[in-house]
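Undergrad: Single-letter residue listing:
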Amino acid sequence: MKLQNMTVIFSIIVIPVTLILSAYIGVQIDTAHLQQMYDTKLMDATHDALAAFELNTINNKYSNNADSIRRDVQAAINTFSTSLATGMGISGANSSYIMPYIPALVFTLYDGYYIYSPNEYTYEENGVTKTGYEHILKPYIHYSVRYKTALSDIVINYSLDNYITVYGNISGVGYIAKSGYLIDLNKVVKSGNEVTGYRVTNTYTLQTNIVETLSEKNEEGQVVTRQSDSVKKYYQEAYEFTNWLLNEVRLQDIVRPQNAVKSDGSKYEEFAGDNTSILNISSTNDPEDRASAFNQHKREIMRISIQENLNNAIKVYNEHSPSMGTHANFQMPILTDLDWEKLLTNINIISFMEGIPVGTKIYNNYAIVTSTQNKQYINPNSIYFIDNTNTYHRINCPVLEQSLNSGSNLIGYKSIDFRKMQSTVNDTTYYYKHPEYACYTCIVNTLDEDINVNELSNVQLQAYYSAIARERYDLDKITKMLK
Amino acid sequence: MGDTLITIVAIFLAAILMFIFPLMSISDRNDDVAQLSVQTKTVEFVDNIRSTGKITQDNYDAFIQTLAATGNSYDVEMEVKVLDENPGKKTAQTSTDKIGENIYYSEYTSQILEKMNTSSSKSVKLKEGDLISVSVKNTNTTISQMLKNFFYSISGNDTYNITASHSGVVMTNGSE
Numbered sequence: 001m002k003l004q005n006m007t008v009i010f011s012i013i014v015i016p017v018t019l020i021l022s023a024y025i026g027v028q029i030d031t032a033h034l035q036q037m038y039d040t041k042l043m044d045a046t047h048d049a050l051a052a053f054e055l056n057t058i059n060n061k062y063s064n065n066a067d068s069i070r071r072d073v074q075a076a077i078n079t080f081s082t083s084l085a086t087g088m089g090i091s092g093a094n095s096s097y098i099m100p101y102i103p104a105l106v107f108t109l110y111d112g113y114y115i116y117s118p119n120e121y122t123y124e125e126n127g128v129t130k131t132g133y134e135h136i137l138k139p140y141i142h143y144s145v146r147y148k149t150a151l152s153d154i155v156i157n158y159s160l161d162n163y164i165t166v167y168g169n170i171s172g173v174g175y176i177a178k179s180g181y182l183i184d185l186n187k188v189v190k191s192g193n194e195v196t197g198y199r200v201t202n203t204y205t206l207q208t209n210i211v212e213t214l215s216e217k218n219e220e221g222q223v224v225t226r227q228s229d230s231v232k233k234y235y236q237e238a239y240e241f242t243n244w245l246l247n248e249v250r251l252q253d254i255v256r257p258q259n260a261v262k263s264d265g266s267k268y269e270e271f272a273g274d275n276t277s278i279l280n281i282s283s284t285n286d287p288e289d290r291a292s293a294f295n296q297h298k299r300e301i302m303r304i305s306i307q308e309n310l311n312n313a314i315k316v317y318n319e320h321s322p323s324m325g326t327h328a329n330f331q332m333p334i335l336t337d338l339d340w341e342k343l344l345t346n347i348n349i350i351s352f353m354e355g356i357p358v359g360t361k362i363y364n365n366y367a368i369v370t371s372t373q374n375k376q377y378i379n380p381n382s383i384y385f386i387d388n389t390n391t392y393h394r395i396n397c398p399v400l401e402q403s404l405n406s407g408s409n410l411i412g413y414k415s416i417d418f419r420k421m422q423s424t425v426n427d428t429t430y431y432y433k434h435p436e437y438a439c440y441t442c443i444v445n446t447l448d449e450d451i452n453v454n455e456l457s458n459v460q461l462q463a464y465y466s467a468i469a470r471e472r473y474d475l476d477k478i479t480k481m482l483k
Numbered sequence: 001m002g003d004t005l006i007t008i009v010a011i012f013l014a015a016i017l018m019f020i021f022p023l024m025s026i027s028d029r030n031d032d033v034a035q036l037s038v039q040t041k042t043v044e045f046v047d048n049i050r051s052t053g054k055i056t057q058d059n060y061d062a063f064i065q066t067l068a069a070t071g072n073s074y075d076v077e078m079e080v081k082v083l084d085e086n087p088g089k090k091t092a093q094t095s096t097d098k099i100g101e102n103i104y105y106s107e108y109t110s111q112i113l114e115k116m117n118t119s120s121s122k123s124v125k126l127k128e129g130d131l132i133s134v135s136v137k138n139t140n141t142t143i144s145q146m147l148k149n150f151f152y153s154i155s156g157n158d159t160y161n162i163t164a165s166h167s168g169v170v171m172t173n174g175s176e
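Protein sequence lines correspond, in order, to chains Z and R. Taking our numbering, I'd label the letters of the first sequence as residues 1 to 483. Taking our numbering, I'd label the letters of the second sequence as residues 1 to 176.
Read the hints as simulated data drawn from the structure, not as lab findings. Don't take every hint at face value.
As the list claims (entries may be wrong) - Have a look at the derived ranges for each label pair, beta carbon to beta carbon: (1) Z:E401 / R:S110: 25 to 35 Å; (2) Z:S323 / R:T141: 30 to 40 Å; (3) Z:N243 / R:T91: 18 to 28 Å; (4) R:Y108 / Z:S68: 37 to 47 Å.
Unchecked claim - When the alpha-carbon atoms are kept at most 25 Å apart in a straight line, the in silico DMTMM-like pairs for lysine to aspartate or glutamate are as follows: (5) R:K90 / Z:E120; (6) R:K81 / Z:D450; (7) R:K90 / Z:D450; (8) Z:K361 / R:D31; (9) R:K89 / Z:E134; (10) R:K122 / R:E79; (11) Z:K420 / R:E101.
To be verified - Derived contacts from chain R toward chain Z, CB cut-off under 7 Å, selection only: (12) I20; (13) P22; (14) M24; (15) N86; (16) S119; (17) T142; (18) I143; (19) G174.
Note that this is a predicted model, so its numbers are computed, not measured. Ideal Cβ positions, reconstructed from N, Cα and C, are used throughout, including at glycine.
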């Protein structure tokens, strides 16, 4: 055969292969790009929802009330769908167009969470009953678990921090309903029955019987001061509650992981044979210690609760997605350990998106965005302290440290108190509760070091722990009345 | 005589069709794949910073390593725009009905890396509202670039063809 012929044959074989290969790779690249674009859009939309949630709750005095917060959550969901539609280039499309691709939205809050997902609705029109599926905001679900033995039946609501609510029936004791903060009693210093101090570190004892003078500006720009003994109340009530709990030997005996039951009465396989006494608070089971048995069990309960309810919501979505106009078998993505870490330590929004065709595949992913500016939960890292130069700092700021002496009166407030507030009387105006400026070393330019309590001076420790105690005590909780 | 000429032309044609074309095409695809991988990793890196509020040494090193795994060398540029609300606060306080304006100031790659190395937590923390942008481009000459330069005689040092960038607003406070 001539060389020319061989060349022609070779070219006929090789050129189509190369062309098809490059076209294929091109499609794959487009798919990956599109997928990434959707990932970013989903994350942005979730962040917008969170920003709306933060803005609304900060300006809503009653946002810790379950009914009032539903309104804020619903507003955040509207923001989410609008933002997602805009991000995907179909701005103006109403939410019924985009929402069928959203199997669920989850708002994890201080002591429970909301799930927004499709559910069945029924209504009657002209005598004809109509049913269908649409997204609804389901009732608030607490991080709660039921412990059941032959004669006793107890439910415990957990929260992101050391606050719990206990209610139910203990055989021989009767019906109980109590709530409070758990603290390590070995660290309590008291005279008589009154708590006067708490050993926050090995070398420093926090003075708890103090009255703080707090000041903030109101809408009209006037400085309002008030006296607060919340620190004292926090430790006194936490002491009494923990003490009561430790004396209820039968309650201690019931609250063990192996006695935990699901809503249908069956036991959790995860906890089989685990008979640790969760509420036996001691220096080895300190509720403030992340590794304690109490915290481990609490996190496990929260995780199982979210997982189960989310699975249910997604099952409903899968079965009925055709009636909403999409048809896909949604596989719930597995959340990583890092994701759970975020979910169980802060307020978050998780959003799932599924069913949109991307190139050769179907899109399926989720986004988690953490909120750090809210008044639903007091994070020990988000308390700012005002110095005497009209500036506010983090507790471990080197600039703050230099300005302090042993007699300094340092007071901390939760970080959202430093944000701009809106006030509408006749006209909408904006004001700051604390008009001080942010420190350039630690707040504008976030300080890279973590807080290490062993490096703080006594003045700093006193201010830091009293601010945490006060803000925690002042946080509105529905179960606060169950003392 | 005519035959010889045709044979020579045919050999040239054959060489181009049999070697150069497939080689160029494959090296082009190779760059496409590198481009895809670089783009994906850049978006992942930036989105991770946005959702955690931190640039950690671990994540940065992993990012640089995955980039290097494509067989090229890259120039990574980072920029953080730090949100400063103080000027806005000053304006807002002079008249209560005015919303102040915020300003941003920038920090660049070398400053960020220096902060990362000197901090005890081996990370740079950002706050909600800061902006982060990362851009990556290759610094070596890839085979595809070499061939193109040879055949199309494109020259110059700054002709790079693997490039990726991503940016966005930081969503959470890194210190919490």
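Undergrad: Keeping to a limit of 25 Å between CA atoms, is the pair of K90 of chain R and D450 of chain Z held or broken?
TA: violated, 29 Å
Undergrad: Can we keep the G174 of chain R interface hint, with Cβ of chain Z closer than 7 Å?
TA: holds, 6 Å
Undergrad: Mind checking the CB of N86 of chain R against every CB in chain Z and telling me if the closest is under 7 Å?
TA: holds, 5 Å
Undergrad: Next pair to validate is K90 of chain R with E120 of chain Z; report whether the Cα-Cα distance is within 25 Å.
TA: Violated, because 52 Å separates the two Cα atoms, which is more than 25 Å.
Undergrad: Can the suggested window of 18 to 28 Å be confirmed for the beta-carbon pair N243 of chain Z and T91 of chain R?
TA: The hint (18 to 28 Å, Cβ to Cβ) is violated, given that N243 of chain Z and T91 of chain R are roughly 52 Å apart.
Undergrad: Taken at face value, is the distance from the CA of E134 of chain Z to the CA of K89 of chain R at most 25 Å?
TA: violated, 43 Å
Undergrad: Would the hint on I143 of chain R stand, with a C-beta cut-off of 7 Å toward chain Z?
TA: violated, 15 Å
Undergrad: Does the structure keep K122 of chain R and E79 of chain R at a Cα separation of 25 Å or less?
TA: Satisfied, since the Cα-Cα distance of roughly 18 Å is no more than 25 Å.
Undergrad: Do S323 of chain Z and T141 of chain R keep their Cβ atoms within the hinted range of 30 to 40 Å?
TA: violated, 57 Å
Undergrad: Given the proposed pairing of K361 of chain Z with D31 of chain R, does the C-alpha separation stay at or below 25 Å?
TA: holds, 23 Å
Undergrad: Given P22 of chain R as an interface hint, is the shortest Cβ-Cβ distance to chain Z below 7 Å?
TA: holds, 6 Å
Undergrad: Double-check I20 of chain R for me: the hint is only fine if its C-beta lies closer than 7 Å to a C-beta in chain Z.
TA: violated, 12 Å
When held up to the earlier numbered hints, the structure conflicts with 2, 3, 5, 7, 9, 12, 14, 17, 18 and fits the remainder.
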